[in-house]
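S.K.: Now for the letters of each chain:
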Amino acid sequence: MAAREIEHLIELLAKLPGLGPRSARRAALHLIRKRSRLMAPLAAAMTRAAEAITTCTTCGNVDTSDPCAVCADPERDDSLLCVVEEVADLWALERTGSFRGRYHVLGGTLSALDGVGPEDLRINGLVARAGAPAVQEIILATNATVAGQTTAHYITERLQHCRVQVSRLAHGVPVGGELDYLDDGTLTAALRARRPT
Amino acid sequence: MDWSDEGFVLGSRPHGEGAAVVQLLTAEHGRHAGLLHGATSRSKRGLTEPGTRVQATWRARLAEHLGTYGLEVERSYAAGLMDDPLRLAGLSAVCSMAELALPEREPHRALFEGLSALLDAMAVDDEADVWPGIYVRWELGLLTELGFGLDLNSCAATGRNDMLAYVSPRSGRAVSLSAGEAYRDKLLTLPGFLVGQGRADSQGVRDGLRLTGYFLQQHVFGPLDRPLPAARERLGAQLGEGGSLGRIHDGQ
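Chain order of the listed sequences is R and A. Each residue of the first sequence is one higher than the last, beginning at 1 in the numbering used here. Each residue of the second sequence is one higher than the last, beginning at 1001 in the numbering used here.
The hints are all genuine.
Ranges between beta-carbon positions, derived for each pair:
1. 120/R to 1107/A: 32 to 38 Å
2. 1144/A to 183/R: 34 to 40 Å
3. 1217/A to 52/R: 47 to 53 Å
4. 137/R to 1107/A: 48 to 54 Å
5. 73/R to 1148/A: 54 to 60 Å
6. 49/R to 1107/A: 48 to 54 Å
7. 1144/A to 52/R: 55 to 61 Å
8. 1223/A to 180/R: 46 to 52 Å
Rather than coming from a laboratory, the hints here were simulated on the basis of the structure. Glycine included, every Cβ here is placed at the ideal spot set by N, Cα and C.
Kindly generate the complete structure, drawing on both the sequences and the hints.
M.R.: Here it is as structure tokens:
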């Protein structure tokens, strides 16, 4: 039987995504074996992160400063505002390196079943930002799901009175995708969104 | 035990790392939940979108268990409706109504067939939209299946069936134009298309949604101490005065 501290460590590790009790036990043993090289620096890094990380009041991103690095960057294009559901989506777009505008994180999507209404998302903040004279285009980068697109349509309606162009991401054939293996829905969307070459 | 049936996905909730609890409206087994392994995987992600018509196989050791689903797509409706806010609102509304109002594991074949007809009508890219009228009829069917059906055959006051124009909010029975005129402020308007008079125009659909919404709130959602689903409210707002009703053509 392991000591109470080790059991507690295993319990906490088992709460992480991708880890169950068995894999948490393996991770705990690995950390114990590499106590000075991995466990102590990891604990210190986690303590520092827990103290420093905050949510940006402008866009909803997580960072160690408020406003976040994206909002504070003077090199970014103020005329483009990209709306995403979650911080993970913001990171995905940043990984591409192809977008140099600003972001707005909604914090989820409208959901009747889960009782998520417009007031639970950062939609009022988005409408306020859209009213700024510098903003010219709002890109709705919500997921291609019923909930994501319902949220996008709702935002489009809310932005009707703002003098901004509203666009959304294209839906269709992914790079490297073979038509034979694509689902009917994606193929339908790709056909609808075809463009002249 | 196991069974195979066809069904429509009403919604899903993530469960654990990669699985989801999926709610289906099936033809023979009613609203039925089951666990779908690997629901968040790339190949299965589209499966759990509301409105997807699937061939389902359900397996469990005992009948009262949640059980696991094996699903195969027959037709995906959501993708074709995503560009149209009104149709998408209709899809969300019908799926959330079925999920929240229907009891589990109670067969409602008529509602299954009605949902099938509604989604087929939504998928037709037609200028003269007929689906909002079918949606109102589906909600009337929902009331009937739940035991709160409206009696629209004859006037509650005169017993005759000509010029039915109102519905009594207390009894759920139709009232004729002449008998109801004096009480029109207290009665609900009965749209003509629900009693075989004319087509579902914009005003008729609005009146129909108000009618079914009233009784659903009164008999189904009120006792559960909850409002109509937000998706249904949004559909009502979009189809209502000043909403994006441009695609329903009056007088057709």
